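Each number in my numbering corresponds to the 1-based position in the sequence shown with 57 added.
Calculated from the structure, these hints are not laboratory results.
Check before you lean on any hint, since a few could be wrong.
[Said to hold, decoys possible] In the DSBU-like style, the derived pairs of lysine-lysine whose C-alpha atoms are separated by at most 35 Å in a straight line are: (1) Lys85 <-> Lys295; (2) Lys228 <-> Lys294; (3) Lys85 <-> Lys228; (4) Lys222 <-> Lys85; (5) Lys85 <-> Lys294; (6) Lys228 <-> Lys295; (7) Lys222 <-> Lys294; (8) Lys222 <-> Lys295.
Quantities reported herein were computed from a predicted structural model and do not represent experimental measurements.
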Amino acid sequence: MTLKKIITAISVIASLLFSSPAFAYTVKSGDTMFGIARSQNLSLQELARLNPQIQNLDLIYVGQTVNTGTLDEKTTGQAGITGTQEKKTTGQTVPTGTQEVNAIGQALHTASKAEITVGYSENELDLLARLVRAEAESEPYQGKVAVACVVLNRVASSSFPNSIKEVIYQKGQFQPVRNGEINQPADEDSIRAVQEAMDEKRDVAAGSLFFFNPATATNRWLDTRATTLVIGHHVFKK
């Protein structure tokens, strides 16, 4: 880690330790704003007020940071504890005194990690929705969600590239990329299917890494792989 990064990390930690720190929650697969609000003892309206940057509460991404309040807000109504005593908020212990040094050290260790989880961009989600339309426009709605899940499962798998764009454009994987259908705009159902695949229906095609239409497939190598589910004309495999 460069000296500049170390100084930046120390500055961030110092601001958290000596002011009313903001509590942040990192969005995981399957999370919803309603579920996050409930887990943080907040109303959905309160959580929305704390996160004006999230304009659509139904559309959040894995890796996105959601502000869940500040130390002052979470300790409202409780007696303040000063000196070297520990401050307790919502059942958690906040270290003070010499433990601050350990907190800074831990933050520097975290900041030096090479692997950083990020959310999906709007362009990637639009690309995924376009693929869903091209691959499953005539399929049942659940089949559209399942196609989106396959792409997301590949992103999460060590056997495939690490981004939606790279997975979709990986050579020889999706017919719409070869015939140009990927360039057509997504319809509303495909956009909604992608949103649900990112959220409450993430497990529709759990474990599935492939899908194909047996009636039109010219290469049947997927027949040797285990079937996870069948929706409409598509057979999903892992």
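* To do: Tell me, in ascending order, the numbers of any earlier hints that this structure violates.
  => none
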